[in-house]
Amino acid sequence: MLSINNITKLYPSRTGNAPTIALDNVSFKINGKEFVSIVGKSGAGKTTLLKLILAEEKPSKGQIFFDDLNIHEIKRSQLPKLRQRIGTVFQDYKLFPSKTTYENVAYIMEAMGASEQEIKRDVPQILEIVGLLNRADNFPNELSGGEKQRAAIARALIHRPDIILADEPFGNLDPYHTFDIIKLLIKIYELGTTVILATHDKEVINSLGKRVITLDSGKVIRDEERGRFIL
Amino acid sequence: MFTSLRRVIKTGWRGFRRNIGLSLATILIMVMVISLATLLFLLSPVSDILITDIKEKVDISVYFKEDVLSEDILEVETEILKIPEVKDVEYVSKEQALEKFIERHKDDPVLMESLTEVGANPFLASLNIRAWEVSQYEQVTNFLETSPFRSLIDKVDYHQRKPVIDKVFSMVSGFYKIGIFFSIVFAVVAVLIAFNTIRIAIYNSGEEISIMRLVGASNWFVRGPFLIQGIIIGFIAALITLLISFGLCYGFDNKIKAIAPEISIYSIFVSNFFLLFLIQLATGIGLGVISSYVAVRKYLKI
Ligand SMILES: Nc1ncnc2c1ncn2[C@@H]1O[C@H](COP(=O)(O)OP(=O)(O)O)[C@@H](O)[C@H]1O
Ligand SMILES: [Mg+2]
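Quick note, the sequences are listed as chains A and B, same order.
Quick note on numbering: the first sequence equals residues 16 to 246 in our numbering.
Quick note on numbering: the second sequence equals residues 9 to 310 in our numbering.
Calculated from the structure, these hints are not laboratory results.
A portion of the hints provided could be inaccurate.
Okay, the calculated bits of chain A under chain B, using three or more residues with CB under 8 angstroms as the criterion [unchecked claim]:
| id | region |
| --- | --- |
| 1 | 40 to 51 |
| 2 | 216 to 229 |
Distance windows between CB atoms, simulated [as the list claims (entries may be wrong)]:
| id | chain 1 | residue 1 | chain 2 | residue 2 | range |
| --- | --- | --- | --- | --- | --- |
| 3 | B | Ser12 | A | Ile89 | 21 to 29 angstroms |
| 4 | A | Lys73 | B | Gly255 | 51 to 59 angstroms |
| 5 | A | Asp238 | B | Ala33 | 28 to 36 angstroms |
| 6 | A | Ser42 | B | Ala290 | 53 to 61 angstroms |
| 7 | A | Lys56 | B | Arg26 | 38 to 46 angstroms |
| 8 | B | Ser12 | A | Glu218 | 39 to 47 angstroms |
| 9 | B | Ile192 | A | Asn85 | 45 to 53 angstroms |
| 10 | A | His87 | B | Ile192 | 45 to 53 angstroms |
| 11 | A | Asn149 | B | Ile192 | 53 to 61 angstroms |
All residues carry an ideal CB built from backbone N, CA and C; glycine is no exception.
Could you build all of it, start to finish, from the sequences and the hints given here?
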């Protein structure tokens, strides 16, 4: 369902130095539903890879296919349809600052044309699951780091996407909530959703026992079923 | 589709309320733009009235010598009426000229006294000629001065009055042009300020717009609420301007009439009410929507 073909990503330097090579000839395939972890040191290129999959950035070389769709070739007006099939937990959350937690989560359902009943039914449910029901009417700047992160997770899951891109979703969570969110991601995966999890959390990876792709300085150095966190 | 539209409107309204300070500032700027549009709109009938009015007042008088008989003058009148440039001709006899003078100056003892001193009627019989166009007086005067009955004519007052007529005309059209010029300059400046205000307002939402795109909202769903805010702001600004312009036209009607009796700014306002409101709405909403559209566009490129 997702095919990354020889992706290279250079970030041009503003000062005229050599460009940063964020990804270097990266290729892998994800067939059907899978739980894939992307691991690597900070700066290895994890976030860049997820940005390319979301078509937030364009690759310098290579293509990414979503089913049969070359996502960097399609028209910009086609992107919303594609992105509605993806749920993203951004590393920096990217919550809407002027919307409440409830509105943040409800937004994508509204954009997709869900009915009011569906929204009223689903949003409190997912807020309950991530433990934010009592923060529904607060704005992001009134939430703690962990609460923001959980709001971002709720927003990524609410519309039942085909793929979840989770960029360090535990960065700000205590072990208790980390465990909960892992359980949630696994459950969603078991219900038929592909999960791509970028993390540098060793314990989480080792407890998962699922496919692990290891990035180092933009290169794939390991891609193993039932992988472990080795750097 | 309908759900989306309702949501877009609701979100737009909410955005308007949550940013009420900025919304009000934008409305204020917009009121200035629409006021200038209104001024331009009202200025053109006013200047039309002024110009026709002055045109109406311009005429030339042909004075006949003391001993010319009124039958002869009436004959000349028929001849003059045959000139295509002439609109109408009015005969003023010696007696009528005297009456008019007395009527006009009856409160001026000095003039009345000097009139009694003269004893006899000092006025000459005349024909007041009005042409269709001010520019045609030249030709009419030439005709009179070369005609067979020029021996009856004492004088034609066109030559004395020509400089005055020309001056008044160039002044009125000059004022009008200057007025139009400044209104347009101000309007352009105001439009730019309004556009920039909206751009700054949307700049605050720039990051949010990009996030909306990233989570999969379509361009129209993102843009819609901002366009709605533009419409709301434009509509309120148009309404405020309508009230202000109504108030001013109503309040200053008498004052303006005192200076220029032919101009009723209030009746111009009333008779053009719908067109005027339409122009105000179009200016306000058009500016609001176009500015929002342009300002949002750059954040949608993700
Ligand atoms: N917008 C950018 N402009 C320039 N360099 C960038 C940009 N984003 C990321 N980089 C660089 O690309 C490399 C990979 O970054 P990133 O994908 O964020 O790594 P990770 O998420 O694994 O920590 C880093 O060296 C980072 O400094
Ligand atoms: Mg990262």
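| Taking the beta carbons of Ser12 of chain B and Ile89 of chain A, is their distance inside 21 to 29 angstroms? | Holds, at about 22 angstroms.
| field | Outcome of range test on Cβ distance (Ser12 of chain B, Glu218 of chain A; 39 to 47 angstroms) | value | holds, 44 angstroms
| query | Between Ser42 of chain A and Ala290 of chain B, is the Cβ distance one that fits in 53 to 61 angstroms? | reply | holds, 56 angstroms
| request: Please test the hint of 45 to 53 angstroms on the beta carbon pair from Ile192 of chain B and Asn85 of chain A. | output: holds, 51 angstroms
| Counting residues of the region 40 to 51 of chain A with a beta carbon closer than 8 angstroms to any beta carbon of chain B, are there 3 or more? | Since three or more residues must qualify, the claim that chain B covers the region 40 to 51 of chain A is violated, with 0 doing so at under 8 angstroms.
| task | Determine whether the Cβ-Cβ distance between Asp238 of chain A and Ala33 of chain B falls within the hinted range of 28 to 36 angstroms. | result | violated, 56 angstroms
| message | Can you tell me whether the CB distance of Asn149 of chain A to Ile192 of chain B sits inside 53 to 61 angstroms? | response | holds, 58 angstroms
| said: Quick check: do three or more residues in the region 216 to 229 of chain A have a beta carbon closer than 8 angstroms to a beta carbon of chain B? | reply: As far as the region 216 to 229 of chain A goes, the hint is violated, because 0 residues have Cβ atoms under 8 angstroms from chain B.
| field | Range agreement (Cβ of Ile192 of chain B with Cβ of His87 of chain A, hint 45 to 53 angstroms) | value | Holds: the Cβ-Cβ distance is about 47 angstroms, inside 45 to 53 angstroms.
| request: Note whether the CB distance of Lys56 of chain A and Arg26 of chain B lies within 38 to 46 angstroms or breaks it. | output: holds, 41 angstroms
| Assessment of proposed distance window 51 to 59 angstroms (beta carbons of Lys73 of chain A, Gly255 of chain B) | 57 angstroms Cβ-Cβ, so the 51 to 59 angstroms window holds.
Comparing the model with each earlier hint shows violations of hints 1, 2 and 5; every other hint is respected.
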